[in-house]
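Chains as they are written, first to last, in the working numbering: chain A, 47 to 162; chain B, 2 to 114.
Rather than coming from a laboratory, the hints here were simulated on the basis of the structure. Note that the Cβ used here is the ideal one computed from N, Cα and C, for glycine as well. A hint or two may mislead.
[As the list claims (entries may be wrong)] Subject to a maximum C-alpha distance of 30 Å in a straight line, what follows is the list of computed BS3-like cross-link-like pairs (lysine-lysine):
| hint | chain 1 | residue 1 | chain 2 | residue 2 |
| --- | --- | --- | --- | --- |
| 1 | A | Lys-95 | B | Lys-58 |
| 2 | B | Lys-58 | B | Lys-96 |
| 3 | B | Lys-10 | A | Lys-107 |
| 4 | A | Lys-114 | A | Lys-95 |
| 5 | B | Lys-10 | B | Lys-58 |
| 6 | B | Lys-72 | A | Lys-114 |
| 7 | A | Lys-107 | A | Lys-95 |
| 8 | B | Lys-96 | B | Lys-72 |
| 9 | B | Lys-58 | B | Lys-15 |
| 10 | B | Lys-58 | A | Lys-107 |
| 11 | B | Lys-15 | B | Lys-96 |
| 12 | A | Lys-114 | B | Lys-10 |
| 13 | A | Lys-114 | B | Lys-15 |
| 14 | B | Lys-10 | B | Lys-96 |
| 15 | B | Lys-72 | B | Lys-58 |
| 16 | B | Lys-15 | A | Lys-95 |
[To be verified] Partner residues are not named here, just some residues of chain A that face chain B (Cβ under 7 Å, in silico):
| hint | residue |
| --- | --- |
| 17 | Ser-85 |
| 18 | Leu-90 |
| 19 | Leu-94 |
| 20 | Lys-95 |
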Amino acid sequence: AQSVTQPDIHITVSEGASLELRCNYSYGATPYLFWYVQSPGQGLQLLLKYFSGDTLVQGIKGFEAEFKRSQSSFNLRKPSVHWSDAAEYFCAVGAWGTGTASKLTFGTGTRLQVTL
Amino acid sequence: NAGVTQTPKFQVLKTGQSMTLQCAQDMNHNSMYWYRQDPGMGLRLIYYSASEGTTDKGEVPNGYNVSRLNKREFSLRLESAAPSQTSVYFCASNKDGGEYGYTFGSGTRLTVV
């Protein structure tokens, strides 16, 4: 069964500083990987995704993530954080089977606080 | 497009009461899902539906039932609510193919007292 680990429950960074959120996954085949962001009281918004090709993927809001198969990781990065980036971030791994629905497994999330 | 619409947004139930959470999507997606979100536990899959007329259990199905009424609508029913079902519930849908990810509704915050 697939699983996702986000080792950092809470991270605080200063506005303008760089950011890296860690994500490690367990999956028996090539995974589909996603990062979602959730602002307080809101649903989840897709930031970026990886399913094949270039291991460095670009997403919305200036975020990027790098897939490293050897480390089973898919870390999220941003060069310069803005106060509006304060939110909870979820990494997810997907399993897709022929003729069946996809199923995403989520990590427990990392809450990002941005100080001014 | 409205995307995925969930109703109600908030609900308070007494232990033992029943209710149905509604979800509808207007993107012509085949697959739909119900997740619950609890602090420190991320999102856990309750039930999902690969297509109209089919449903399958996810990770935490106990205490819930679902109905895929048609391609657009996927409802979640609590027959006898328990305090352990206090949570935020999210509905999501997916276009066929893993590379698209899910589109989520804005959630239903349920409190069982």
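- Query: When the hints from earlier in the document are held up against this structure, which numbers fail?
  - Reply: 6, 10, 11, 12, 13, 16, 17 and 19
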